[in-house]
Amino acid sequence: MTDDIKSWSREELESAYVQRELQLKKALDEHDKEIGDFQNEVRDLVIKCSGAPDSSIDGAGSDAGWQEFTLAEIGQGFSHMTDKIAKLESALQEAKDALNHCKITSNDPPVYGRYLTKSDIEIIDHALSTINSLQP
Numbered sequence: 005m006t007d008d009i010k011s012w013s014r015e016e017l018e019s020a021y022v023q024r025e026l027q028l029k030k031a032l033d034e035h036d037k038e039i040g041d042f043q044n045e046v047r048d049l050v051i052k053c054s055g056a057p058d059s060s061i062d063g064a065g066s067d068a069g070w071q072e073f074t075l076a077e078i079g080q081g082f083s084h085m086t087d088k089i090a091k092l093e094s095a096l097q098e099a100k101d102a103l104n105h106c107k108i109t110s111n112d113p114p115v116y117g118r119y120l121t122k123s124d125i126e127i128i129d130h131a132l133s134t135i136n137s138l139q140p
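Last residue of the sequence shown: number 140 in the working numbering, and the count goes up by one each step with no gaps.
By construction, these hints were calculated from the structure, which means they are not laboratory data.
Fair warning: there could be bad hints in the mix.
Stated by the list, open to error - Here are the simulated BS3-like cross-link-like pairs (lysine-lysine), alpha carbons at most 30 angstroms apart as the crow flies:
#	residue 1	residue 2
1	K122	K100
2	K52	K29
3	K100	K88
4	K10	K29
5	K37	K10
6	K91	K52
7	K10	K30
8	K52	K37
9	K52	K100
Stated by the list, open to error - Taking CB as the label site, the calculated pair distances span:
#	residue 1	residue 2	range
10	S13	E72	44 to 50 angstroms
11	E72	A31	42 to 48 angstroms
12	T134	Q71	36 to 42 angstroms
13	F82	T134	22 to 28 angstroms
14	L103	D48	53 to 59 angstroms
Here a beta-carbon is modelled for each residue, glycine too, at the ideal position from N, C-alpha and C.
Turn these sequences into a full structure, and let the hints guide you.
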């Protein structure tokens, strides 16, 4: 083929068109693979950070494109983390309430078993302090 496209024959034009189409398809396939790899990395990171089960991070409800799909997965992970934090905060409050109750009743006669010793209360207090330090 020559450099001047105006002088190309119909066969040369068709051949060039087919070659270019194949090049573009190959580039698009490579791009799609890179996007898929990126989505998988984001998804794995969301699952790792959120602690969400693999089955709950699926981008469901998003059919507009890969960006919206990935954003939906991030949103699902964030929602899972929010629920988890709420449960942890509730558990922490229950533990604080239990510790306060233990401090108040540690000098009362035992109802079930034995008295809580000062050491028991210190251990519980230390555990709660550690949990508190993990809060944002």
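Verification of the hints:
1. K122 with K100: 16 angstroms, holds
2. K52 with K29: 34 angstroms, violated
3. K100 with K88: The hint holds at about 18 angstroms.
4. K10 with K29: Holds, because 26 angstroms separates the two Cα atoms, which is no more than 30 angstroms.
5. K37 with K10: 37 angstroms, violated
6. K91 with K52: The hint holds at about 18 angstroms.
7. K10 with K30: Measuring from Cα to Cα gives roughly 27 angstroms; hence the hint holds.
8. K52 with K37: 22 angstroms, holds
9. K52 with K100: 29 angstroms, holds
10. S13 with E72: 44 to 50 angstroms: 46 angstroms, holds
11. E72 with A31: 42 to 48 angstroms: 23 angstroms, violated
12. T134 with Q71: 36 to 42 angstroms: 40 angstroms, holds
13. F82 with T134: 22 to 28 angstroms: With Cβ atoms ~25 angstroms apart, the hint holds.
14. L103 with D48: 53 to 59 angstroms: With Cβ atoms ~38 angstroms apart, the hint is violated.
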